[in-house]
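Chain A is fixed; fit chains B, C and D onto it per the hints.
Chains as they are written, first to last, in the working numbering: chain A, 310 to 800; chain B, 310 to 800; chain C, 310 to 800; chain D, 310 to 800.
Watch out, some of these pointers could steer you wrong.
Remember, identical chains collapse to one label, so a pair may be satisfied in a single copy or spanning two.
Said to hold, decoys possible - Straight-line Cα separation of at most 25 Å, SDA-like style, residue types lysine to any residue; simulated pairs:
1. 561 - 331
2. 520 - 732
3. 729 - 719
4. 560 - 331
5. 471 - 632
6. 631 - 732
Hints listed in this document are in silico derivations from the structure and should not be mistaken for laboratory results.
Please read these numbers as outputs of a predicted model, since none were measured by experiment.
There are 4 protein chains.
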Amino acid sequence: MLMNGEQYIESLRKLNTRVYMFGEKIDNWVDHPMIRPSINCVAATYELAHDPQYEDLMTAKSNLTGEKVNRFTHLHQNTDDLRKKVKMQRLLGQKTASCFQRCVGMDAFNAIYSTTFEIDEKYGTSYHENFVNYLKWVQEEDYIVDGAMTDPKGDRGLPPHKQKDPDLFLRIVERREDGIVVRGAKAHQTGSINSHEHIIMPTMAMGEADKDYAVSFACPSDVEGLYMIYGRQSCDTRKLEENADVDLGNKKFGGQEALVVFDDVFIPNDKIFLCGEYEFAGMLVERFAGYHRQSYGGCKVGVGDVIIGGAALAAEYNGAQKASHIKDKLIEMTHLNETIFCCGIACSAEGYPTKAGNYQIDLLLANVCKQNVTRFPYEIVRLGEDITGGLMVTLPSDADFKSDTVVGKGGETIGQVCNKYYAASESVSTENRQRILRFMENICLGSSAVGYRTESMHGAGSPQAQRIMIARQGNIEGKKQLAKVIAGIKE
Amino acid sequence: MLMNGEQYIESLRKLNTRVYMFGEKIDNWVDHPMIRPSINCVAATYELAHDPQYEDLMTAKSNLTGEKVNRFTHLHQNTDDLRKKVKMQRLLGQKTASCFQRCVGMDAFNAIYSTTFEIDEKYGTSYHENFVNYLKWVQEEDYIVDGAMTDPKGDRGLPPHKQKDPDLFLRIVERREDGIVVRGAKAHQTGSINSHEHIIMPTMAMGEADKDYAVSFACPSDVEGLYMIYGRQSCDTRKLEENADVDLGNKKFGGQEALVVFDDVFIPNDKIFLCGEYEFAGMLVERFAGYHRQSYGGCKVGVGDVIIGGAALAAEYNGAQKASHIKDKLIEMTHLNETIFCCGIACSAEGYPTKAGNYQIDLLLANVCKQNVTRFPYEIVRLGEDITGGLMVTLPSDADFKSDTVVGKGGETIGQVCNKYYAASESVSTENRQRILRFMENICLGSSAVGYRTESMHGAGSPQAQRIMIARQGNIEGKKQLAKVIAGIKE
Amino acid sequence: MLMNGEQYIESLRKLNTRVYMFGEKIDNWVDHPMIRPSINCVAATYELAHDPQYEDLMTAKSNLTGEKVNRFTHLHQNTDDLRKKVKMQRLLGQKTASCFQRCVGMDAFNAIYSTTFEIDEKYGTSYHENFVNYLKWVQEEDYIVDGAMTDPKGDRGLPPHKQKDPDLFLRIVERREDGIVVRGAKAHQTGSINSHEHIIMPTMAMGEADKDYAVSFACPSDVEGLYMIYGRQSCDTRKLEENADVDLGNKKFGGQEALVVFDDVFIPNDKIFLCGEYEFAGMLVERFAGYHRQSYGGCKVGVGDVIIGGAALAAEYNGAQKASHIKDKLIEMTHLNETIFCCGIACSAEGYPTKAGNYQIDLLLANVCKQNVTRFPYEIVRLGEDITGGLMVTLPSDADFKSDTVVGKGGETIGQVCNKYYAASESVSTENRQRILRFMENICLGSSAVGYRTESMHGAGSPQAQRIMIARQGNIEGKKQLAKVIAGIKE
Amino acid sequence: MLMNGEQYIESLRKLNTRVYMFGEKIDNWVDHPMIRPSINCVAATYELAHDPQYEDLMTAKSNLTGEKVNRFTHLHQNTDDLRKKVKMQRLLGQKTASCFQRCVGMDAFNAIYSTTFEIDEKYGTSYHENFVNYLKWVQEEDYIVDGAMTDPKGDRGLPPHKQKDPDLFLRIVERREDGIVVRGAKAHQTGSINSHEHIIMPTMAMGEADKDYAVSFACPSDVEGLYMIYGRQSCDTRKLEENADVDLGNKKFGGQEALVVFDDVFIPNDKIFLCGEYEFAGMLVERFAGYHRQSYGGCKVGVGDVIIGGAALAAEYNGAQKASHIKDKLIEMTHLNETIFCCGIACSAEGYPTKAGNYQIDLLLANVCKQNVTRFPYEIVRLGEDITGGLMVTLPSDADFKSDTVVGKGGETIGQVCNKYYAASESVSTENRQRILRFMENICLGSSAVGYRTESMHGAGSPQAQRIMIARQGNIEGKKQLAKVIAGIKE
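The following block holds chain A by itself, in its conformation from the complex (with noise of 0.2 Å):
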């Protein structure tokens, strides 16, 4: 059953998950104004399921089931498909202008499902169907799933088992006949808080001496144990501020990470995926950092749309949008988005099908795409800030555009005087131009920079992550002998 976005918000309030934030325990988290936009982001990919014009990019026929389901919870069948999700991922980066959280779990589905089964044709385990079996469940709820890897990983020069705080990665504690506990914690969770489910996954290749950190598993968001600590983000709490509207930039969709701690979990045996197997640890990881990279060339890219819009709507509200300089700035914006985009698009279109029958994308331009992303943004970003102008960091709050504090000798009011000082073009309303220049302060230095930008460098990977898989991809050798030919060196 495919929910819709406001019976996704609904499920939510079932759950018993424990979240904490400034301190404190939040107990209606669901309507807490910091949290809900990363809520409504969620709740869109659970709307749009349900709208015509998308239901060709936003569900999907399930292979184990053969219903319809939520993209977000399908095994990619064929190139098709992975084209298909990049252009989801797009379209969602257009109507939230944020991260809307839900990819991780998909990339997850798609590394385990391949994952597991290479590994029950070596060890006989049953961690496919396993897998199968939970995966089902979630595409018949509809059920939203974090897929957690990154560890806190403590000294960075150290692997899991010499830190000094065995903890600092996430590992078994104890094995029981019916099952493991787990303790540790995963950090910069994206959207774990909305989501129904957890999926754990090990955060990078290990060694025999790291066996009891090679774990994957999947657990209830609520699971006794498990609680999330939120983190701050820039401009945070101005989504705290009465009547906030406005002054925030994009009111309805925003972004959230927290610590999400595991005091001794206990995992029952099917909702084990990896348990020990430690040299399958680095092909889940590669496997999942390939479709996550992949992803980043659709969401940014959607953003970078909405952004692109920002600053020419900006021009025009400026009265600056003829002129040359600001048409080729967007020309270059547009330019460096697409480039992301063909990244997705190629990785996907290049990509082929696993032992398991699923598809997996190419790994050297997926590599490829997130290491441009690490980039683009960034001078996105710096071109957007050039053309909205410096009024963007300089306005007055929306407090005083509407304050009918008296200042002027003729008996003005604050607001009379912004209202007065801050018009431009006459057939745009101060209004207006408060609103896109708070969208562009928003998404260059206020909460969804977050997401836009220090996400785009480090969310799947930092950019050297990617630059060690090119280099493993590359073919340094095969090309080598290729100028060995044209240069006339035998050997």
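Okay, now just chains B, C and D, sitting in the frame of chain A:
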């Protein structure tokens, strides 16, 4: 008399400056937590003038009085003065990691000094004498003066006299025997609230029809009819939080901008420096802009130094300082930062005397300087975000780190859990790690990003303004001749 | 029948193509050392079609005849065909490190096929049938056809009919019962000399006044009245040196360009594809340019592969291959090269069927592709020069390395001295070092730099041409709407 | 006595310098068409010294003799001298669009002067006196001296004494009462052939085991045992073509590089400046490299000026000079070029006196300068190729333009056809169009590209060499302290 920081702050209390924020009047604005950090920056320009190790940079011998004055009130007497100006600004950038606001006044002094000399030469007016008397008094009192240039501008496609509302550029509304009455506003005024005085300049070159807009004068910040509306900044209200410290990243220093409104303000004759001689408006703007574009070759470099240091510390605290890609990124940041510095120094070293005797910078090189400032700080910040890691935008609040609320099965508090999972290299406390992460957040996308990024883009003129000057100053015709000679083209 | 390389070269000998160079007629141009390398490139397009491992890329089943044809004569039937086209081009770039010249014909075929269909649909003409018959014959004979578009253009500010000399754009000078007579020239024609046939297209969108210039047709390369004047290239005459080998860097392959002059050439009716229907000139140009901008996402990537390999070899031969900065630069070269490839693949994967049934690429993405090609190869070459070292431009001639002239006190010859002082890593001969240095010289600033750099800039349209298309295709209005919704702007 | 250009050329004829090229000895090398352009460049350094308008830049008063000397033989006495040096280099770049070769000597003089002073101070040697006497004579004779540093280096991973062939770094093979005998070679020697004298320096910092390699001395260019093997350049033999003129792009000026071999050359004691004091090798290298990295902030800027002019002319001749994107690209070229100049000026203005009394540049800023030179000229050339158009690489030879061979039906010659179809704007002759296109070809990928591009990359040290120095000079620890204070970190 050179004031120290404390004396400066006390001197502000004596002013009746009218400041509005969030729709209301702020009475004790000197101690307001959102304003005070910007006052502390100005105070640093007073305080460091008393530090013997910085005396040579921070003070100079006045050519008007022969007395030692704060360099911020000095008329540059040679290229050494120009270079020292830049180094003084770098020093203050290093000490505040913010905009310290006192440069606009200094740049205005030097531009008005030479321009009034040339107006008087043509028209037999006494603007130069007016200004010299005024500046002597400013030097003596050691005042900070806001140099205000940018009008609201309304529709960018229209000149002042064609705007629907004639007040969208500041103008003379009445000419009396004893002076003039002015109306209008100046936008984006950095440091206006913290200044004892204001000195007003026109915003662009003007024609005869804009005669009433060609006006320059000085007045106290609390003159009758003048008031200010405070601008919002990213994360501004974080400064209002209880026990605000760690989460601020830069507790002591910060920037500010305001709209300064002139509600029919009377200016006596002896404070007028331009009054209708419209053909000198362009000269005044060009000279002020030239100095101010030089200024960015100092102040932003100083802030850049702190960012490089912050990124290096973050890497060290993460245990990643030995990675070759980290080292290389720090080199790149340094390279870009010093390239800006080179431009600041070069336009100073190539300065030349004006007719009035003070020194002007090289106009082409100063514009090249500022143009680089619209690019490199963005790349420095991008690399800073890369090195620092995603934690700078996902870290829980300091309230979490200090919370006693129990969350763990073993009775662990939120504070203990945060300290456990955000521990990194053993030699560093989590609080210090928080501090450096918050500093990087603050400068990359928090309140200081306003000063380091957007102000670098638009302060002293947006990028296109510099490109127009580079085209004008670049002597393309001379370069064509060089090419003709080499290519053997005779005409 | 698919020719092989040798058969192709023999087929050229049967043509009476008129070629002029250095002011004189070249009789045996097939064996001319400056021309032959470019013929060898074309021969590779024939030769590889017989190699079983490349059959899938190099050949296709004709939709016109059902026969197996060289893909260079194929009409793309789906997006797989479009992607294979790009990969075939990458392959040939890898094998020749040059422009292999046969793409313009292929791109012309596909553009004319769909455009003539739509002209006939409107006017009831029989251009499409003419073209289908022509292409069947080309496929059968396995001919290479030069697709010629660019006119000399004279004064860029004037349309064809306003030029002082009406021949500066190719035009119809006579209309007969049995055909037309054309006059004019096509400039920068890559591979014209090596082609069996020429297919001519107009160079831009046209209005009614330019009706006589709106003409497209095919003719043999040795048709009466047609001749070619060979263009100079950097280092062209190095190919004429005695025993030319090592110093060439790429002995076997190279590029060429020529001016193709139409000195009142008669074209029979059945070879005409456009004749005055001026409003279709723009469609033809846009479609051809679209395909050709896609092409650069394949061929230049292949050449880039060889350059990356060459730089890696140079580093190895210098003993510097383990330096982290060398490795990082090779990663960057790979990243940039694959980004171009992503664009080539993406505009293919997003292709769509035309009315005529063959597949067109995505126009926006193809323009984005080419725009990146005007940038990244320059950076790849810059990094290549960095890695390779200055020796690539200071090495003595191979004649020195082979010289027996005695220079040393101990009777050492020039050759011995060169071998002594240019020895590097023990495992590599100085000749191999020479070879790789010369290859890098050739591609960075020698004759192949023409193809890899300047052609990347201007081939398939100069950068500004793509920017105009990006602006047109970028849907700024739609993006503004997205921003309005997010920012809460209602109109 | 200051020689003029003609006297300089005549003075070369008196030398018995041994030059080899293409495997043979060149007897009259002064008039050899491949060598003469580089001699003409050096002659310009003599000729301009007699031009009153350049006297202040081109000459200086010797601190050794009080006489007026060519600035190329001068010891810098203050920061004004350092800035004038840079401006003199820019001037010569503008006049030759080439490397004028005389800087290495000047930079060697200044580095050796200060280093020998400090060696003598430590060891009581008389190297400084030796050098002062030598330089007096050079100033008096107005000689050009090649400052030679770069050894062949063999395996880059090994120090001099560990190389398989001990001669791969130049070394002392015999120590006699009256002097030393040296053996080895110096590679990439720009201008060695055109120099009266050679001054040799070690190539890097050395340890005790490399003592015999720590040697510096002077000798005449035609000393017994010394000979040179000429290096190849892109398009070098185009200079040998009959009536070579238009196709050269720059007929009069050009560069050169050679391998200089020391075949057991005897050096008398009074010409020795370092002989085994290995710990000073590093100081000498660092100081020389510092000056030479400053130099690039002048000479390449001058060449850049000509390229900007050439691109502007090409646009004008094409009729495209009013397009906004053309203007913007010329601005960008100017901006980048002046940024380099800023670095050259800044490291000069921030110079300081050495113990010996002459002035040293600021080391950090000089390295920043050169690092930018390894980047911006490539972008300047890329933009130049963009503006100029593809014709710069497809234009027929000048022999075609001048050919009387008949090709047309109406009896038109090749020359007439070329002139017809390559006509552009009416106001410009096709010959002038050819000339500017050939100039751009020459500088972008012809023989002058060697000097403007590859030499910008590797001359005065490859990019990584500057990065190492930037890391060393960048004071990261100090910057960390700044960040700690701001972030409130106490330790």
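- Message: When the structure is checked against the list of hints, which entries are broken? Sort them ascending.
- Response: As far as the earlier hints go, not one is violated by this structure.
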